[in-house]
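Student: Here is what each chain is made of, one letter per residue.
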Amino acid sequence: MQNPFRSEAEAYRLVLLLVGYFALIVAAKVTVGTGAALVVFALLTVAGGVWLARGKSERPAPSASARRGPETQRRVLVIANETVGGEKLRACIREKTEGYDEEVLVVVPALNSPLRHWASEEDRARAAAQERLARSLEGLAAVGIEARGAVGDGEPLQAIEDALRTFGPDEVVISTHPEGRSNWLEKGVVDAARARFSVPITHVVVDLAAEREQDTSSQRPA
Amino acid sequence: MAAHAADLHAHEAHPPVANQSSRVSAPMLGMFLFIGSEVMLFGSFFTIYFFDRVVNNAPEWPPEGFHRPVFVAGLNTAILVTSSFTMHWALQAIKRGSRAGLQAGLVLTLAMGTTFLVTQMFEYARLGFAPRDGAFASTFYGLTGLHGAHVFVGLSLLAVATVRSFRGHYSPEHHHGVEIPGIYWHFVDVMWIVVYATVYLL
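Protein chains in written order, with my numbering: chain A, 2 to 223; chain B, 336 to 537.
Here chain A stands alone, though its shape is the one from the complex (with noise of 0.2 Å):
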């Protein structure tokens, strides 16, 4: 939703807004009668409504574009959050940076609680992130890739274009749990990103129950 009093010139242009608003109601009880007013008064705030909420929905859509670097240079960006430590996650990165100079950057968002994140409360959740990406980038190294970390905003569309601005990947990698454990399928992030980026976007789907399984039954004796 927009903030009418993001700016000096946008609370000015809410008293000018307002003025017109009050003047038709107003308008219509003195020349109609009371049944009018309240008619006018639901419509001009139902139309006000849709042009608050249309103010998000208007915003516009930041988009990088892939960088132009040496062929054999590859940039992969990874966002992943529990999922960043996936044998599946792994193996694509490995995929995509196979016979190139690579540089992988792993960005985990600092998932937080809505409330949290309004309060401003963010250091547990940027310190969950931290150690998730420390984990993750130790078993990257340990299957021989070279990857930086950082951890991103707690909104994983956002951290997505923090990191194309600095980073400039060819590539972006969105790692998530199976259909119906996912929050992020479940809210279209992989969607969005596509609609809004035009950056080539992977999605890995990291099933952790059934990889740690897996390892389970390999370890046990034959």
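Honestly, I wouldn't trust all of these hints.
[Claimed, not checked] Subject to a maximum C-alpha distance of 25 Å in a straight line, what follows is the list of computed SDA-like cross-link-like pairs (lysine to any residue):
(1) Lys-30/A <-> Ala-413/B
(2) Lys-188/A <-> Leu-209/A
(3) Lys-97/A <-> Ala-196/A
(4) Lys-430/B <-> Ala-10/A
(5) Lys-30/A <-> Leu-410/B
(6) Lys-30/A <-> Leu-478/B
(7) Lys-89/A <-> Ala-142/A
(8) Lys-30/A <-> Arg-403/B
(9) Lys-188/A <-> Ser-121/A
(10) Lys-430/B <-> Phe-501/B
(11) Lys-30/A <-> Trp-396/B
(12) Lys-188/A <-> Val-206/A
(13) Lys-30/A <-> Val-390/B
(14) Lys-30/A <-> Asn-391/B
(15) Lys-30/A <-> Ala-408/B
(16) Lys-188/A <-> Arg-117/A
Keep in mind the hints are simulated off the structure, nothing from the lab.
For this one, chain A is given, so just place chain B on it according to the hints.
Tutor: The following block gives chain B in isolation, referenced to the frame of chain A:
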């Protein structure tokens, strides 16, 4: 790679780095909280007003024996809305680098705000009823008085901005000290439009 991981572990001992891209910046959060608290404050007064109006279910409003000075308050409304225009003009002037425009805009805004407050005091003196004279009188004085207090705060902020403008402060790049009182002044204006329309006209 191991070096990267080691770096990350080394940083764990310190508070995490501030997230520059956070969707709610501190000034924005402050403004949201301020507006939220003000909306609740005025909202509580409006609730009392409408409760009184609906529960009384009087055939005429305001109740018999009370008279609202609609015309004088209308003039006051025009003065306040005009002061929003001069406030906006002042800020636009300093953005263009016109100090004279900034000073003229601020002085005019200050003068009109003071006129509003003085007129309201005269209006109170001539109303013919006091806050103790029933629920309508209490809520009338409560709402308009609460708004008057906000005008007083706004005038204080504007007075500081005006003095600073005459001392050579502010520039096209740095005019935060005018923008913030400007937002507050427009907020005060917005609240008055709501108060005037609901208490005096509807």
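Student: Does each hint fit the structure? Answer for all of them.
Tutor: So, going through the hints one by one against the coordinates:
no.: 1; hint: Lys-30/A <-> Ala-413/B; verdict: holds (20 Å)
no.: 2; hint: Lys-188/A <-> Leu-209/A; verdict: holds (20 Å)
no.: 3; hint: Lys-97/A <-> Ala-196/A; verdict: holds (22 Å)
no.: 4; hint: Lys-430/B <-> Ala-10/A; verdict: holds (12 Å)
no.: 5; hint: Lys-30/A <-> Leu-410/B; verdict: holds (20 Å)
no.: 6; hint: Lys-30/A <-> Leu-478/B; verdict: holds (22 Å)
no.: 7; hint: Lys-89/A <-> Ala-142/A; verdict: holds (15 Å)
no.: 8; hint: Lys-30/A <-> Arg-403/B; verdict: holds (17 Å)
no.: 9; hint: Lys-188/A <-> Ser-121/A; verdict: holds (22 Å)
no.: 10; hint: Lys-430/B <-> Phe-501/B; verdict: holds (16 Å)
no.: 11; hint: Lys-30/A <-> Trp-396/B; verdict: holds (14 Å)
no.: 12; hint: Lys-188/A <-> Val-206/A; verdict: holds (15 Å)
no.: 13; hint: Lys-30/A <-> Val-390/B; verdict: holds (21 Å)
no.: 14; hint: Lys-30/A <-> Asn-391/B; verdict: holds (21 Å)
no.: 15; hint: Lys-30/A <-> Ala-408/B; verdict: holds (18 Å)
no.: 16; hint: Lys-188/A <-> Arg-117/A; verdict: holds (20 Å)
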